[in-house]
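Q: For the record, the sequence lines run as chains A, B, C and D. For the first sequence, my numbering assigns the number 1 to the initial residue and increments by one for each residue that follows. For the second sequence, my numbering assigns the number 1 to the initial residue and increments by one for each residue that follows. For the third sequence, my numbering assigns the number 1 to the initial residue and increments by one for each residue that follows. For the fourth sequence, my numbering assigns the number 1 to the initial residue and increments by one for each residue that follows.
Treat the hints as calculated values from the structure; they're not laboratory data. Keep in mind the model is a prediction, meaning the values are calculated, not measured. Among these hints, one or two may not hold up.
Pairs involving identical chains hold if they fit within one copy or between any two copies, as the list cannot separate such chains.
[Claimed, not checked] Here are the computed lysine-lysine pairs in the DSBU-like style, where the Cα-Cα straight-line distance is at most 30 Å:
{"hint": "1", "residue 1": "26", "residue 2": "60"}
{"hint": "2", "residue 1": "242", "residue 2": "263"}
{"hint": "3", "residue 1": "151", "residue 2": "55"}
{"hint": "4", "residue 1": "11", "residue 2": "242"}
{"hint": "5", "residue 1": "144", "residue 2": "242"}
{"hint": "6", "residue 1": "37", "residue 2": "77"}
{"hint": "7", "residue 1": "55", "residue 2": "144"}
4 protein chains.
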Amino acid sequence: MSLPYTTSQDKVPFFLMAGSCAIESKDLAYEIAERIKQITDSMGIPFIFKGSYRKANRTKIDSFTGIGDILALEILKEVGQHFQVPTVTDIHESAEAAMAAPYVDVLQIPAFLCRQTDLLAAAAQTGRAVNIKKGQFMSGASMKFAVEKVKHENPEALVYLTDRGNSFGYGDLVVDFRNLPEMAAFQVPVIMDCTHSLQRPNQGSGITGGQPALIETIAKAAIAVGADGLFIETHPNPSIAKSDGANMLPLDQLEGLLEKLMKIREAIL
Amino acid sequence: MSLPYTTSQDKVPFFLMAGSCAIESKDLAYEIAERIKQITDSMGIPFIFKGSYRKANRTKIDSFTGIGDILALEILKEVGQHFQVPTVTDIHESAEAAMAAPYVDVLQIPAFLCRQTDLLAAAAQTGRAVNIKKGQFMSGASMKFAVEKVKHENPEALVYLTDRGNSFGYGDLVVDFRNLPEMAAFQVPVIMDCTHSLQRPNQGSGITGGQPALIETIAKAAIAVGADGLFIETHPNPSIAKSDGANMLPLDQLEGLLEKLMKIREAIL
Amino acid sequence: MSLPYTTSQDKVPFFLMAGSCAIESKDLAYEIAERIKQITDSMGIPFIFKGSYRKANRTKIDSFTGIGDILALEILKEVGQHFQVPTVTDIHESAEAAMAAPYVDVLQIPAFLCRQTDLLAAAAQTGRAVNIKKGQFMSGASMKFAVEKVKHENPEALVYLTDRGNSFGYGDLVVDFRNLPEMAAFQVPVIMDCTHSLQRPNQGSGITGGQPALIETIAKAAIAVGADGLFIETHPNPSIAKSDGANMLPLDQLEGLLEKLMKIREAIL
Amino acid sequence: MSLPYTTSQDKVPFFLMAGSCAIESKDLAYEIAERIKQITDSMGIPFIFKGSYRKANRTKIDSFTGIGDILALEILKEVGQHFQVPTVTDIHESAEAAMAAPYVDVLQIPAFLCRQTDLLAAAAQTGRAVNIKKGQFMSGASMKFAVEKVKHENPEALVYLTDRGNSFGYGDLVVDFRNLPEMAAFQVPVIMDCTHSLQRPNQGSGITGGQPALIETIAKAAIAVGADGLFIETHPNPSIAKSDGANMLPLDQLEGLLEKLMKIREAIL
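So that you can see chain A by itself, here it is in the shape it has in the complex:
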């Protein structure tokens, strides 16, 4: 599947990496992908469907972690083929790179794992594109070394860098928009994750909180400063989502949000 953009640039529309958090079922994945595809097609926005086959770093041991890796990966592949969209999923250990690569177009490195050399190398070796999330403890400038780890294994690799905020005390994250131009300087497309950057970590309950009312604020600022893409998790009914429900955008708000963002994008082209 053809992927949007190979370097950071501001001469084209931004692209959207979106989907539910975890793959919960085929029906739900199709419902979400179909609706996003309709919206993005009508607006000329390139779309990459995102779904996790496993949640590997939930706060609590008894949180939902998935429906089974291969089952979820097959749903991802079917979504990609049925809707003709590229897909992305996150991997957590190096052995998962080869497992997941046949099913998706982009392998995503979670933020906590962005310094794990073996994982970056394994992802690179598959030949897939690699989307590296910037750790909550990392500067944008330091992500240069993560890009180099991937390129070292596969100089042709398409690498994306995604910001999802930085630790700001224990219970909050802050998005430092200086990181977007810093990361774009490495000649890779840069993405703003408007979902996880609004998490409220380290809650006493063991359930990460969120602030979905601020998704629009984060997204607008990202587009204005030149993000090449946005990462948004969305769900027809976030209150029943099995993970990250506190931060998801209700699916029926996506179109209105993208319309506002496209106007800003056009203003900076």
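Go by the hints and put chains B, C and D onto chain A.
A: Same frame as chain A, now just chains B, C and D:
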């Protein structure tokens, strides 16, 4: 002089609060005011001229602090009258409110002092508009109490709130753009200070550093998320400015920057 | 009154700066001073009585701010004379330095105001000792410049530096114990404020929160790394204190705490 | 090998987890272990020898990562048997748990990986003790869930929790000593990592910096607030160490440091 906006709103152009940092001389003040006035008039951007008559919290005892309070205030007044622009200056102790009020249209409360009840009250009592800078240690939401302190003394007071970043470790500030909508919810115009939010405090040298290449990034994000105004310090030659030179925008870059920002503003109206 | 220590040193017992937050009444001030004096005399710990005549930076406009400046200052003076202990109070604008100096032995500069050159100079000019609280936005190393501002006005001034934590996100402070040796390097006694360093600022309610159960943790670490003095606010019944009740040590726990701390102090002498 | 302490307690001497960072050679490992063993035996301090068989998250792709996993693990085992000391090494992916377990007594979970459920579970399943480093983005209180993940797989598992500081801006870490009593409340031994908590991450050079002069400050504070153990990396000549040299304690300073710390420990027993 008529001041722009009495509440936060997104149906009009943003306004610009700009000038040099300290008033260094009448010639320089006129040069800067004249150029900004030309630019903003041609673009329909309301303009408030800013100048400090005294720098009261320089890091080091031997830093430049001013040319004399009354001398500087008279220059501010002349600039206002000559160019027909409202003016703003910062005050540091409550007795300065009555001293400075006859010369300017807006009294500004420095960020470190935004919780000093006596200072806020004294500013309110003059009847002048009050621009409160958010402390580097304050959330946007907590600025509600600062607004209330002013309104308690003068319920008719026009209050502005300005963000200039939050402490992020010792040597850096981060701008949390969530604060702009949070502060706008108090029904006051909100301003992004694109100069001081890029300071690098706590440098071993005792000279605060900066990152002027990122002014555009901060300004664009601010406009995109709905800032009513921008605060920018500018100088024909920042390298010889007597304070804050490390963060100032070269005056000849102002017009190009504002043109980009106006496009973003129009995209969100 | 003779003040403890003129430079940072580890060959003597630590000293205690303690009292209520605000001076609420003469009876309460005497009750607290008497009890602390008994305890510290029996343990050979030098004691400085602390009381505020005015609270100038309460979060909310309707918070308690004092019983009247001169009335409170006279109580402070009487406490000093009656119990033969030096006293300390905080000032907020430069004009207060001359007002407060005749009543106390030490003038304290609040943390938010630690960069206000005029205030530091005015305190220095009184000839009183000056206790500068490190701003929540300051490194220990940067306090060198605050010390220099005082010494510039009065080279003989006795200066204390007090740490009270650094901003850590919006709703929390963290104590960075690296700051104590950094500040001691300026040849001034360094103090750990075990009360305000446990504040929880920026609460939605406008009432700063606290964690008094952790006072012992902060105090023990401070003594172990060589603090010359401790600052502790205490009250017979913190739940009815008119300010900072959320962080005060119950007066009847002071003796037990000091006993533990003295053992650690002796271990490092 | 018998391990020190199964719960957090203050009635016994602290224990020491120490060694070089990476296993560079058998000779060096023996030299370091022998010297530490002499010192700790003479002082009655339980000792666990630490060595990494692989550095998996170096900043740069061309940094030293190890001499070979099994070769290094065999050296670790020989050190344990020769000096009769328990040993600890860190693992990075779940498959490494079973690989490393036969060679060491404690499996250590790196800070970046402390939320990876599979890794914690795999470590637990080996029956080895598990030392979990608190992530730079985690509160002490949130480590409860990490302990639960291990105990869920192996209710009998001996779990240690180690603090190594929290992100404080991009280029610095701060140690929040409130976390030690918070983690001790989970009834596990708590350890202060005096080496990595002084790192300076996100350096432009890609080489993490350090502040070894402050090791004593961090260690003293930790002992004073009740740490059960200390983690210290040491090297006969830190300037030639192949990783983390910027933060290591010169081996010839270890004895003097421990003597000071033992006095503080005795003062709080």
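Q: Would you mind marking each hint as holding or not holding in the structure?
A: Right, here's what the structure says about each hint:
1. 26 - 60: within (26 Å within a copy, 40 Å between copies)
2. 242 - 263: For residue 242 and residue 263, the Cα distance exceeds 30 Å both inside one copy (33 Å) and across copies (41 Å).
3. 151 - 55: both (27 Å within a copy, 20 Å between copies)
4. 11 - 242: Neither, since 38 Å and 40 Å both go past 30 Å.
5. 144 - 242: Answer is between; shortest inter-copy Cα gap is 22 Å, intra-copy 34 Å.
6. 37 - 77: So residue 37 and residue 77 pass the 30 Å test inside one copy only (15 Å; across, 57 Å).
7. 55 - 144: This pair counts as both: shortest intra-copy Cα distance 26 Å, inter-copy 19 Å.
Hint compliance for this structure: hints 2 and 4 are broken, all remaining hints hold.
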